[in-house]
Every structure is written in C-alpha cells, then in structure tokens.
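As a plain string of letters, each chain reads:
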Amino acid sequence: MFTCKTFVPRCATTAMVLLALSASATALAQPVLDGHNIKPELGRLVPDYQGTIVSGNGSGLPLGQGSVEQGEQVFNARCAACHGLDGKLAGNQLAGGIGTLATAQPVKTVGSYWPYAPTLYDYIARAMPYNEEKSLSVNEVYGATAYVLYLNGIVKRSDVVSDSTLADIQMPNRDGFIELQQ
Amino acid sequence: MDKDSINQVIEGGLLPRRALLKASALGLAGSFVVPARASQDWMTHAGEPQGEYGQPSPFAQLKREQTGGHPLGHAAGSSSTPLQDLNGTITPNSLHFERHHSGIPAIDPARHTLTIYGDVRRQLQFSYEDLLAYPMETHQYFLECSGNSFRNTLNEPLDLTAGSLNGLVSGAEWTGVPLHYLLDEAGIDSAARWVIAEGADAAGMTRSLPMKLALDNVMVALYQNGEPLRPAQGYPMRLFVPGSEGNISVKWLQSLKVQGMPAYTRDETAKYTDLLANGQAEMFSLAMGVKSLITSPSGKMTLNRKGIYEVTGLAWSGAAAIRGVEISADGGVTWEPAALQSAARPMALTRFRLPWRWVGQSSILQSRATDTQGNIQPTRTVALARYSAAGFYHYNGIQSWHVSNAGVVKNVYV
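So the protein lines, in turn, are chains H and E. Sequential numbering from 1 applies to the first sequence in our numbering. Sequential numbering from 1 applies to the second sequence in our numbering.
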C-alpha cells in the first residue's frame, strides 16, 4: 500500500497547483492532465554566473578594445582564408552589398544587413574561426570586429572599437527589420 | 469487390473516400495461398543472434539524403529524412534530419550544466541528473527547419526525391521538463520578456525566445521516441519549441538568460530572418506555416504497373492541428478530400491517404492542407510572392509531382 508518507497524493498535487496559481503572479496556467507538478527544486544557486551572451544593445560586452589596424592582422591570419582578404569571398561574404536588399539579387553582409554592431563581437567570440572556435582573445575579437566594420566602410581606418563604443555604432540597415513578436 | 464503388473514379483517377469505405466494408473476398513447405533459406537454419542495439533490415536500404556541408566547413550542413521510404507519423531517430552549424559535439552529461540567469530572483544551475528527477511531459510534435523545401524556391525544379526536397521535417514523441517549472524555480522578474537560449556546441547557437512562448508549451527535452536524445539532436538536453522554426529549439542547451529585450544574435538577425521584396525583413518569424506533401507516389519513383495506388503523405501546421487535406491529380483543377489517419494533434504530423487509379494517364499529384485555424497551404506562386525573390526560409508552397504516361514521377512547378 502506498501511504501519504512516501507518495505525494494526486489530490495534494491538484491543491498545490491551485494554490500556486492563486499565490504567484508568474504561475503558469498549464493544467495538470495525466501528470503532476511536484518538483524536487534541485537548482543550485550560482549568483556570480555571468554568461557570455552579448546583446544588440551591447549588454554583456567584456572590457576590452581593438583597433582596425590590429584587427587587420587578426583578420588576415585567422579569417581571410574563408572570407577573402577583402571580406568578399562568395559564400562567406562579409562586406559590400549595401543598397542591394530590394533588388532581385540581394547581397546580405555585415554592412548591408546586420542591424547591431555588438552582435558581430558576440558571433566572432562564440563561433569563429570555424573549427578553432573561442581561440581569439577579447582584444583580438574587438580588433576583428573593427576590421570587418572598416571593410564595410562603417568605421575609419584609424578607429578603435571597445566595450564602451561598439553599441553606439550605427549600422546602415538598423531600421530594416519588422519584429513580429513585439 | 464492389465494382460499382471502385469504378466511381473522379477527375484524374482519384477514388472518393466513400468508395473506399464501401469497398472495405465487404471484407476479404480473395483466397489464401499457403505453400505446403517453407522453402526460403531463412526458414531452414537459425538466424542472427540477438544484439544490444537494433539495426534496420539491410534490404530496407534506409539512409538520409542531401548530407552535404558548406564547402569550407563540412560539419556546417544538413541531412534530410527519406520521407518517401517511411510511413506513419514518427520519424525514426536514426533517420531524423540534421542541421548543425559546427558539427555534433560529444558532450559528457556529467560535465554539462544548464544555467538560468539574468533577470531572475535566484540564478540557478541544474545538472543532467537533476533534470531527470523533474516531472516530465510527453508529446508528439513536428520539427521543421526554417529552410526546409528551399530547393523548391529555386528557379528550375530539381529532379529529386520527396526527402531530398522536403526532408528537413520530422515527427517524434518528445519527453522533457516543462520549461516553466525551471523558470518558476528561478523566479522571473515581471519586466522580463525574453529568454535567450544558448547551445554548448562549437557554434554556440543562441536564439531569443519570447517569454509568452517560453511559459506556454516549451520543454527542455531529454528523450526522443523513448530513448535519450541522440547527440545529433542535442544530447544531453535541448530546448523544444513546438510549432516554431527548428533553429530556435536550441540543441545542447547550456544556458537560458532572462532579460527584457531580445539578444539580436547573428542567427536571428543575419540568418533566419525573411527578406521581403521591398528590402525590409521580418524578424522573429517563428511559426511554421500550414504545409503538406505527398510522400508516395513521389519524385524519382516509377509506377511499374497500372491499377490502384494509395496516395499518401504528411501534413502539419505550426499554428494548430490539421483539419483537412485535399488531393488533386490534375494539377490543382479539382480536389478530393483525403482520409486523415491520426487524431488531430496541434503542431504534430498528420498522415493522409487516398486511393488513386492509374491507367497510364499523365497526371500532376498535389496535396493541400488546411489547419483548424482555417489557414490554407498556398500554391508555390503565392508562397513565393510573399518574400524577396532570393528568400528561402518558411517556404510552404504546394508540392507538385508529375506522373508521366510511362509512370515516371518527377518534381515539377505548376
């Protein structure tokens, strides 16, 4: 025989669901059909966890900076084999294409399409170079970011980008999107 | 057989459903032919011994198709399910389509964690073992890559199989922990509107999930068709967002950041956005449209006899359940409702069937699905007109198969 000492009875499950629904503003209205929602609450507190996600508004960017000049060296050594020295190798094109989006042959690049500059930092830091992911230092990533922006005519050859300036860079296609979920 | 009902052939040879039902009510009238002695060689000695993990029959010759990758990164590519070789509504795990952005990571679950952080009362971390102890739910859902069927957006129709053209879709039974259990435990801030999901693969796939979806029917999936997720599908854990484009069901899930804004990651801005003809692009276009295709007869098949065939295929909708599927054998001039062979489940594959008499006539077979919200699958022309000519995500146009008078079945545009 099962007893209430070892098994949480289904009637208590239902009561707890109702209690949770009435007690919490964020309680969620998933009805318990053939299951239960008695949870073991095993999550461990990690108050210091920072994560690595950088958002379009620049939140999450690590302290650091890189110049176009430093970035050129990084790009030529670590990126150009797949993207071309000018960033225009077909299939992996990063530069050019501005003004083509409404044509029959749109060319989507960082310069012509991407709405936010910090996204470039986030993507290079997490996913590039292909097959050598996460091997660049923070400042190398800032440099590569600066150089790709330079190849697109968005920053000048003498420019430096950093955690405090990257979010302010206006991308040409910033207003080119219709957000369906807002 | 009830010749009268079987002979109620309508346009293009399709047999109406009432004829099918009448004929089936008569039962089996044919005779059984039983040999006196078994004589096949597999009947005369013991077969293979039992094994630890099963394999399909070598005679079935099942394999994924279109297994190519990027020229400069072979592990960044996809493979598609051979839909034409399967039946029912469940995709076998070994044949589930794949789409990876930097290969399949070999994750040791003992060294993998899921962290919920950002705008929460308590930042929490869970091990795989922790999650196995949570209450779970089991549901059948479809999963479709946003780029599925993109080959049919190209200017010329490719002579390929149903799976090569449309095989970035699956149906499976997914089991996992409802995401809201974990978000509730962390305590989300009232201003939080998005959950940013991050994978642990080399590409670190990251997507922003609207909170209203996250709190609805999203799960952290741990099992697929009854067994732990395969590495190619996110082992040890993946996000599963029913009805939405596959990319947001982030595999190898390692973190969920709760915040007020989307992250606007590369894959939800530069990729997986839908360019329109005017140069603007739709972002966070998550729901997959109502869609269907005939899996048999289908591309690269040859009808090698005249007579009755079963036209069968799959239908699904990201918004609702499937209400009906119609079949045309004359390129969309006339339509006949098909029989639906599974309960109408929201955001799940539905199998449809309809008998068809082929007597050597040149035909164009099509299917057209309608969901319970009244959304109707568009023609190819209408589906393409919604986007830029170069667009290829979220294509749900009607698939057309031409059957020549020699019985050769081929992908065509109507």
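In case anyone wonders, no lab produced these hints; they're calculated from the structure. Here a beta-carbon is modelled for each residue, glycine too, at the ideal position from N, C-alpha and C. Misleading hints may appear alongside valid ones.
Distance ranges between label pairs, derived from CB positions [unchecked claim]:
#	chain 1	residue 1	chain 2	residue 2	range
1	E	P49	H	N76	44 to 52 angstroms
2	E	D159	H	I98	32 to 40 angstroms
3	H	A77	E	G374	29 to 37 angstroms
4	E	G374	H	A90	37 to 45 angstroms
5	H	Q105	E	Y413	39 to 47 angstroms
6	E	R17	H	A90	28 to 36 angstroms
7	E	V382	H	S137	45 to 53 angstroms
8	E	P56	H	K88	43 to 51 angstroms
Hints versus structure:
1. E:P49 x H:N76: 44 to 52 angstroms: Violated, since E:P49 and H:N76 (Cβ atoms, about 59 angstroms apart) do not stay within the stated range.
2. E:D159 x H:I98: 32 to 40 angstroms: At 38 angstroms between Cβs, range holds.
3. H:A77 x E:G374: 29 to 37 angstroms: The hinted range 29 to 37 angstroms is violated for H:A77 and E:G374, with Cβ atoms some 57 angstroms apart.
4. E:G374 x H:A90: 37 to 45 angstroms: For E:G374 and H:A90 the Cβ distance comes to about 43 angstroms; the hint holds.
5. H:Q105 x E:Y413: 39 to 47 angstroms: violated (20 angstroms)
6. E:R17 x H:A90: 28 to 36 angstroms: For E:R17 and H:A90 the Cβ distance comes to about 51 angstroms; the hint is violated.
7. E:V382 x H:S137: 45 to 53 angstroms: holds (50 angstroms)
8. E:P56 x H:K88: 43 to 51 angstroms: holds (46 angstroms)
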